[in-house]
Amino acid sequence: MRLLFWKNVKMKVMKKTDSCIMEHSKITVNGDPVFESQSETFHDFAKDAYKSLELNYPKFHKMDNLSKLAFLAAEMILKDEDHSRTAVVLANRSSSLDTDFKYQESINSQENYFPSPAVFVYTLPNICVGEISIKHKMQTENAFFVLDEFDEKFLTDYAEQILLSGKAEKVLCGWTELFQENYKAFVYLLTL
Amino acid sequence: MENLKTELKHKIIEVLNLEDVSVEEIKDTDPLFGGGLGLDSIDALELIVLLDKDYGIKLADPKKGKEIFQSIDTMAAFIEANRTK
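Those sequence lines, one after another, are chains H and P.
In terms of our numbering, the first sequence opens at residue 108 and continues consecutively.
In terms of our numbering, the second sequence opens at residue 7 and continues consecutively.
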């Protein structure tokens, strides 16, 4: 009986309800361009996007670039709905290396040794998941994987397990890669 | 002293990335924590680094930060009395 139930559940098809792509100073939601900037750096692009989209979340300015990327992409599809039962499964290639280097610079020289606590707290890739979770009061599963390349099947399989377990109703999935000025975010919402 | 207070406001905005806050909005007696600036415990640690880096003050007991970082007034008075650069 239990096996039959599991089989029926497994047959449910996952639905991708919304998606967002951010790259080359441009944000696209469900295939439609929603913001574009002439900024030459990611920092300026993110700031322009924050202002233009009227996000009104001052903590955004304190985030590192990886968190800004993931946060902005997530904001585009999470909006103001209740996401307490939404899980987050993200991945990238460069982990938090961009911020790791910045932190290293602050402790390189003995004469100018001033490690920054505010930079240090971002020297883990899953901090961006935390920022999204805090903003949307998410209270279920989350994971961040470091992979050689975007593997949609891997992320979908992981998300499917979370959804089938009943621990979440939706999963925010995707790729949030950033190192220096090279970045790309592709995030999407999955449900059963 | 007034110059130091203005300098501190500029530095706090820059170091703590308070992009939406202007110097004019920070009053000398306003509480830095628990008030409108929305500062947290990581910001307190950054202020300790700022004291060391810019004014040569090493805060041996971080608990003292609670008194020192009450407002721009208290912070400026502490720097004035203890600065080594």
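Take these hints with a grain of salt, some might be off.
Pair ranges (Cβ atoms, derived) [as the list claims (entries may be wrong)]: (1) H:146 <-> P:40: 51 to 57 Å; (2) H:288 <-> P:34: 36 to 42 Å; (3) H:218 <-> P:79: 29 to 35 Å; (4) H:164 <-> P:31: 40 to 46 Å.
Under the rule of at most 27 Å between Cα atoms (straight-line distance), these lysine-lysine pairs were calculated in the DSS-like manner [unchecked claim]: (5) H:154 <-> P:17; (6) P:91 <-> H:209; (7) H:166 <-> P:11; (8) P:72 <-> H:158; (9) P:33 <-> H:166; (10) P:33 <-> H:209; (11) P:59 <-> H:242; (12) H:209 <-> P:64; (13) P:33 <-> H:158; (14) H:209 <-> P:17; (15) P:70 <-> H:166; (16) H:166 <-> P:91; (17) H:166 <-> P:72; (18) H:166 <-> P:59.
Where chain P lies over chain H, by a calculated footprint (3+ residues, C-beta under 8 Å) [stated by the list, open to error]: (19) 165-179; (20) 252-265.
Keep in mind that the hints were calculated from the coordinates and are not lab data.
For every residue, glycine included, the Cβ atom is placed at its ideal position computed from N, Cα and C.
Here's how the hints hold up against the structure:
1. Checking the proposed 51 to 57 Å range against residue 146 of chain H and residue 40 of chain P shows it is violated: the Cβ atoms sit about 35 Å from each other.
2. For the pair residue 288 of chain H and residue 34 of chain P, the supplied restraint of 36 to 42 Å holds, since their beta-carbon distance comes to about 40 Å.
3. Take residue 218 of chain H and residue 79 of chain P: their Cβ atoms lie about 32 Å apart, and the range 29 to 35 Å holds.
4. Distance hint check for residue 164 of chain H and residue 31 of chain P: the Cβ-Cβ separation is about 18 Å, which falls outside the suggested range of 40 to 46 Å.
5. Taking the CA atoms of residue 154 of chain H and residue 17 of chain P, the gap is near 20 Å; set against the 27 Å cutoff, the hint holds.
6. For a cut-off of 27 Å, the pair hint linking residue 91 of chain P to residue 209 of chain H stands: about 26 Å separates their Cα positions.
7. Straight-line distance between C-alpha atoms of residue 166 of chain H and residue 11 of chain P comes to about 24 Å, which keeps the hinted pair within the 27 Å bound.
8. Only pairs whose Cα atoms come within 27 Å are accepted, and residue 72 of chain P paired with residue 158 of chain H is rejected, the gap being roughly 33 Å.
9. A distance of roughly 21 Å separates the Cα atoms of residue 33 of chain P and residue 166 of chain H; the hinted pair therefore holds under the 27 Å criterion.
10. Annotation: proposed proximity of residue 33 of chain P to residue 209 of chain H is violated, straight-line Cα distance about 32 Å (limit 27 Å).
11. Proposed proximity of residue 59 of chain P and residue 242 of chain H is contradicted: the alpha carbons are some 32 Å apart, above 27 Å.
12. The suggested pairing of residue 209 of chain H with residue 64 of chain P holds, with an alpha-carbon distance near 23 Å, which does not exceed 27 Å.
13. For the hint pairing residue 33 of chain P with residue 158 of chain H, the CA-to-CA distance comes to about 25 Å; that is within 27 Å, so the pair holds.
14. This hinted pair checks out: residue 209 of chain H and residue 17 of chain P have alpha carbons roughly 20 Å apart, not beyond 27 Å.
15. The hinted pair formed by residue 70 of chain P and residue 166 of chain H meets the criterion: a straight-line CA distance of about 26 Å does not exceed 27 Å.
16. For the hint linking residue 166 of chain H to residue 91 of chain P, the alpha-carbon distance of about 32 Å lies beyond 27 Å, and the restraint is violated.
17. In summary, the hint linking residue 166 of chain H to residue 72 of chain P is supported, as the alpha carbons are separated by about 22 Å, within the 27 Å threshold.
18. Annotation: proposed proximity of residue 166 of chain H to residue 59 of chain P holds, straight-line Cα distance about 24 Å (limit 27 Å).
19. Using a Cβ-Cβ cut-off of 8 Å, 4 residues of the region 165-179 of chain H lie near chain P, which meets the minimum of three, so the contact claim holds.
20. Chain P is given as covering the region 252-265 of chain H, and this is violated because 0 residues of the stretch bring a CB closer than 8 Å to a CB of that chain, at least three being needed.
Hints 1, 4, 8, 10, 11, 16, 20 from the earlier list are contradicted by this structure; the remaining hints agree with it.
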